[in-house]
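S.K.: Please model the complete structure; the sequences and the hints are all you need to start from.
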Amino acid sequence: MLASLAVAISAQQLDAYTKADYVIFSDSLVVVRIGKKSAELDELIKAEGATTAAFVTAANPRGEKRSEKENGVANAALQSFVQAAGYPHFWGEGRDPFGSWAEPSFLVIGIYRANAEALGQLFEQNAIVFCEVGRAPELIILRGET
Numbered sequence: 001m002l003a004s005l006a007v008a009i010s011a012q013q014l015d016a017y018t019k020a021d022y023v024i025f026s027d028s029l030v031v032v033r034i035g036k037k038s039a040e041l042d043e044l045i046k047a048e049g050a051t052t053a054a055f056v057t058a059a060n061p062r063g064e065k066r067s068e069k070e071n072g073v074a075n076a077a078l079q080s081f082v083q084a085a086g087y088p089h090f091w092g093e094g095r096d097p098f099g100s101w102a103e104p105s106f107l108v109i110g111i112y113r114a115n116a117e118a119l120g121q122l123f124e125q126n127a128i129v130f131c132e133v134g135r136a137p138e139l140i141i142l143r144g145e146t
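1 is the number of the first residue of the sequence shown in the working numbering; add one for each residue after it.
Taking lysine to any residue pairs in the SDA-like style, the calculated list, with each CA pair at most 20 Å apart, reads:
hint, residue 1, residue 2
1, K37, D21
2, K36, I141
3, K46, R33
4, K46, W91
5, K46, N115
6, K46, F25
7, K19, R143
8, K69, E93
Read the hints as simulated data drawn from the structure, not as lab findings.
Since the structure is predicted, the reported quantities are computational estimates derived from the model, not experimental observations.
M.R.: Here is the structure:
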């Protein structure tokens, strides 16, 4: 029982992920929110000839706060992995709408949901955001809830 609790996400983390702004640094700033369709996001994905994308980070694995340096190294590894796989991507960040936290991330274009989930799990993330043209972005939980 204790082992499962150690990898589960808290209600506070789930709430933070659900309410976060997911910001994409493209030619213009695109802000994505869970459950809200975005024509700007759809256009960004379609411009790369794709129909799907995922917002993924390598920062703060398992929701555990890490140093800026550790997060930088982890995100550099994620970017190298994404580039080697040939996915177009944009820098971004997940952030609290009131400015209390921000986490560097990537929008990975053209990745299938199963591959996006595997990528999030590879970098020990609690959740990812999956996006599909014409649909609202969806929070995908990769670890159990407490």
